[in-house]
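Q: The task is simple: from the sequences and hints, build the whole structure.
These protein sequence lines are chains A and B, in that order. So for the first sequence, our numbering puts the first residue at 1; every next one is plus one. So for the second sequence, our numbering puts the first residue at 135; every next one is plus one.
Bear in mind the hints are in silico, worked out from the structure with no lab data behind them. Careful: at least some of the hints might be erroneous.
Stated by the list, open to error - Derived pair list, reagent style SDA-like, types lysine to any residue, alpha-carbon separation capped at 25 Å:
| # | chain 1 | residue 1 | chain 2 | residue 2 |
| --- | --- | --- | --- | --- |
| 1 | A | K132 | B | T269 |
| 2 | A | K49 | A | G82 |
| 3 | A | K60 | B | Q266 |
| 4 | A | K132 | B | A226 |
| 5 | A | K132 | B | Q266 |
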Amino acid sequence: MQPFLALPITSYVVILQAPLPTLTNAPVTEVALFWLPTNANQAQISSFKSAFASLAAAVKQAEGEVYLASGDVQGLVLNSSGERTSAVLAYVGWQSVAAHGAFTTTTSFIDAIARLSPTVSGLADHHVILSKCF
Amino acid sequence: MIASTTPHSSCNFVYPYKYQVAWPLGSLPIQFVSATNLSSFPTPHCILPKRHLIVMIYRMLLVILTLGFAVSYCASAVVKGPSPPRPATLYASVPLNDSIPIAFTAKNKEWSRISAAVLKCSGLTELYYGRQLETSNLDLIIGQYRNSEPTLHPNSHRQLINDLQLSHLRVLPLPANLPSYLPCNHF
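A: The following block contains the structure:
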């Protein structure tokens with residue numbers, strides 16, 4: 001008998017800005033986790049929030065976007081370098097992975113991500129096809 | 135142009151001069167200070183009544199504006215109601231063992247049933263579950279908590295994750311009786 005788990009489960013409590021949309025309304029959901037710089041000061045946080053808002057605005061205008069929900073992760077979490085830092089999680093519903101891919105080639109995305117990248121210590125992006133359990 | 139003088143009640147000079155301008159359809163009273171009387175322009179105590187008027191109007195405007203803002207604010211608060219609490223969600227990533235891919239598909243359904251049973255007890259009202267497309271060995275769980283702020287107590291949250299991990303370990307063999315696997319008062 002082998003355990004299913006390769007590693008311990010990672011879990012976050014995320015306080016969203018708005019109620020969670022019905023995630024199954026989109027064929028595919030992008031889950032993006034943005035790690036802020038470790039020990040980020042107020043200026044760095046403001047800079048991130050502003051850049052994130054620009055990216056969110058671009059996403060909402062994107063073709064194939066179904067919904068966007070985002071919020072702060074409670075407490076500190078480990079980033080990809082193993083450092084404890086704060087983070088923001090976003091759920092983006094897309095018509096397809098291809099629609100998301102197409103968006104990433106647009107100038108609005110390229111501009112927004114260029115602005116956002118210097119304000120984070122890393123990001124993780126996944127696609128998932130979700131089913132509703134209850 | 136006919137000049138008429140109207141002495142101010144509290145002043146010792148003639149102020150203001152009231153002129154009646156001849157107008158084609160009658161006469162239009164205009165008040166202004168005659169250039170010839172500039173030297174006797176009101177002394178401070180005489181200006182006071184006019185300033186009083188300005189101050190009174192200014193204060194009235196302030197009161198009206200303040201009341202206006204207050205009324206509109208209250209009205210909008212009544213219409214909108216209190217701002218809803220921000221919803222709390224659970225996000226969990228479950229890294230799966232690559233070495234059991236064949237058993238996984240069938241067993242995974244059972245695991246998701248167990249997970250659902252565990253998570254439902256924790257106060258989640260919605261639960262989404264799916265496989266990450268890029269690596270296929272990471273399950274993602276997204277849930278919406280019934281209660282918003284304050285969110286699930288950290289101890290309960292920790293317990294929830296522990297139980298999820300235990301349920302993962304218990305998938306092989308399957309628990310005999312899922313409904314009794316974890317009673318909701320467990321938390």
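Q: All hints, please: hold or fail.
A: Verification of the hints:
1. K132(A) with T269(B): holds (21 Å)
2. K49(A) with G82(A): holds (23 Å)
3. K60(A) with Q266(B): holds (23 Å)
4. K132(A) with A226(B): holds (15 Å)
5. K132(A) with Q266(B): Between K132(A) and Q266(B) the Cα gap is close to 15 Å, so the pair holds against 25 Å.
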